[in-house]
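Participant: From just these sequences and the hints, can you work out the full model?
So the sequences go chain by chain: Z and W.
Per numbering that gives the first Met the number 0, residue 0 is the first one in the first sequence, and the count goes up by one each step.
Per numbering that gives the first Met the number 0, residue 0 is the first one in the second sequence, and the count goes up by one each step.
Source of the hints: derived by calculation from the structure; they are not laboratory data.
Worth double-checking, as some hints may not be accurate.
Take a look, some chain W residues computed to stay more than 12 Å from chain Z by CB distance [claimed, not checked]:
id	residue
1	345
2	357
3	461
Chain W is faced by these chain Z residues, among others (derived, beta-carbon under 7 Å) [said to hold, decoys possible]:
id	residue
4	29
5	86
6	113
Yeah, the Cβ is synthetic: ideal placement off N, Cα and C, and Gly gets one too.
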Amino acid sequence: MKADFTIFFLVVFIASAIAGWDWPNIAKIMPVYVAAIPGALLVALQIYRDATGWEHRRGQVSGGIDMDEVSEINLDKKTELRRTVAYFAWFIAGALGIWLVGLVYALPALVFFYALVEGREKWFTALILAACTYALVWGLFEYTLETRWPPGVLFD
Amino acid sequence: MEISLFSAAAQGFLNLLHFKVFLAMLLGVSIGTFTAVAPQGLGMPLVYAIALPIVIKWEPINGIALLIGASSVSAICAAYLPILFGIPGGSGSQATVLDGYPMGKRGEGRRALGASFMAGGMGCLIGTITLAAAIPAARPIIYLMGSPELFVVMLWGLSMVAVLAGRRPVKGLIAAAFGLLLATVGQQAQSGVMRYVFDVPYLLDGISISIIALALFGVPSALDLALTKLGVEQQPIPLRGSLFEGVKDTLREWWLVVRCSFVGVWVGIVPGLGSQVVDWLAYGHAAQSCKGGRKSFGTGDVRGVIAPESANDAKDGGDLVTTLILGFPQGVVTALFIVALLAWGYLPGPEMVKKNPEMIYSIVWLQGISGIVGTLIGFALAAQLAKLAEVRYSFMVPIMFIFILMGAFSVNRDPADLLAVVAFGVLGYFMRRYGYPRPAMILGLVLGDLMEKYLYRSMASYGFTWLGRPAVLALLAMAGASLALTLRGRMKARREASPATFSGAMARSEDES
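Facilitator: So, in structure tokens, the structure goes:
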């Protein structure tokens, strides 16, 4: 999977270089010469490092700091995978809900069902959370600040 | 018409004398306070990413007040988790755990918090004063800088990715290159060429940086909470002692505060260093320079709280020196701040110093005032704020869902925004999982657009002769030297031994506590 993700970058960089190859120079300096071609070369270097375990060996010896947070979740793989899939399912369901029924109804519904099913909160607590969400997205944004959220495709 | 810096400073202050500005700053301060003490997974990059789509539609000064208020206070209140729970706070407050937690266990939690608030407030003011002083000092140099020099400055900022990426320099550069590539999506202003649009109207103006940042940082952060299903695992230690004791300690150690604040400012200004090291540098300096520090540090010495907290808060002022005067970001937070300024029509860097000095001074004033307000909030609500750390994940995850989805959808109110936030959320998850630094990608994304603009102007005005301009050569030499020196320092540190690594220090602190 690690190598697959590195290859994802390789594919993107190569495809970008090919797609931009015929553009005039002024348009392709940054995307092709500065980003895509050096990016592809760096990915090749990273694949070599992954294949030879170079990074792992150096990492163990040198320690050092990380620019980004490092994921340190100590769960067994099965639980982690199940919870990750469930999380993205909720998130995608929220996005789909906004598309279908609109943000004003989808977000309170998402909050209610997440708190009830995934969070195992009491239904009354979940209802209060959903009501607060409705107050925020409709009461504050749509009513008070006059932000018009588009209706979902089902109500359009 | 050019205005004097004194008038700009006065005008900058007058800009703040509106109720809405004060309200926005208070909102920012509240958000920053909550972020500092809330359960794991929240941080300033996420707050900025969530706030960005909303505040860029506000009046600039109101949006700036919220953003500066949040980041300024977040650093001041960051000592809660280390002192009360014995777990490192956000980056910049990790060293505080070494002495803060033993003090808390000894019944001196309030004293440690008092020292951290006071040191943080003083550090913030020293950082702000340095920022204010840097503007007139840098102004003569800024007037000599044109597009070629600015292009090199941006290049300098980007070259620092290799350094900032720490253990994963190649992955950092790949992420930055990917960010640069994404920055070019859409119709190029200079040539009109449609780049990577593929006949999709949504891509004509490029993909919003707000959506990308929101997805990259928000989705994995909420996932962390959903995975662990926990807020903070430990129970807080009971708050005992006196806040005033800590204030007295800090005032007695004023010289340490000043020294460590300048360490913080220096870390903020110098490209390539970051909030990951500021507290450790200050802590190391204090342990070496304070009387008896080698023995007492790590066992609950209040100076071990004062040093990292003052440096951490002063660093924000140093960060803003580089961001506002040179126009390149030091990290994700300043990168997103630049995105917000660009959205409001300001071009951070020399152009902003020349054209909008009053807005820069408004930022300076806000930074100072927020620091004072944050310190007062810390003192007033010390006991109540600790309870915020116990918010359940079943409340936090849906709240984050709301802000991520609403924030993304509010950018264009286009269903494609939702698709983009899901896609970049998944990308952020994989990047974090496989060690591709997301800040590098954001830096590439923000700098890509600016670099291209300056490169185009340089080529159009000077052809290739701009490469021979003395200022360009001097800046290139400085960029090369700073990169070489930082890389050399890292290689030297690597050779010198692994026990002194930060992770090693953290492990030792956990053992001790």
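Participant: Could you run down the list of hints and mark each one as holding or not?
Facilitator: Consistency of the hints with the structure:
In this structure residue 345/W is separated from chain Z by more than 12 Å, as the shortest Cβ-Cβ distance comes to about 23 Å. The claim that residue 357/W is not at the interface with chain Z holds, since no C-beta of that chain comes within 12 Å of its own (minimum 28 Å). Distance check on residue 461/W: its Cβ is at least 15 Å (rounded) from any Cβ of chain Z, clearing the 12 Å threshold; non-interface status holds. Annotation: residue 29/Z was flagged as interfacial toward chain W, and the flag holds, the nearest CB pair being 5 Å apart, inside 7 Å.
Contact between residue 86/Z and chain W, as hinted, is supported at the beta carbon level, the nearest pair being about 4 Å apart and thus within 7 Å. Look at residue 113/Z: its Cβ gets to within about 5 Å of chain W, closer than 7 Å, so that hint holds up.
Checked against the numbered hints listed earlier, the structure breaks none of them; every hint is satisfied.
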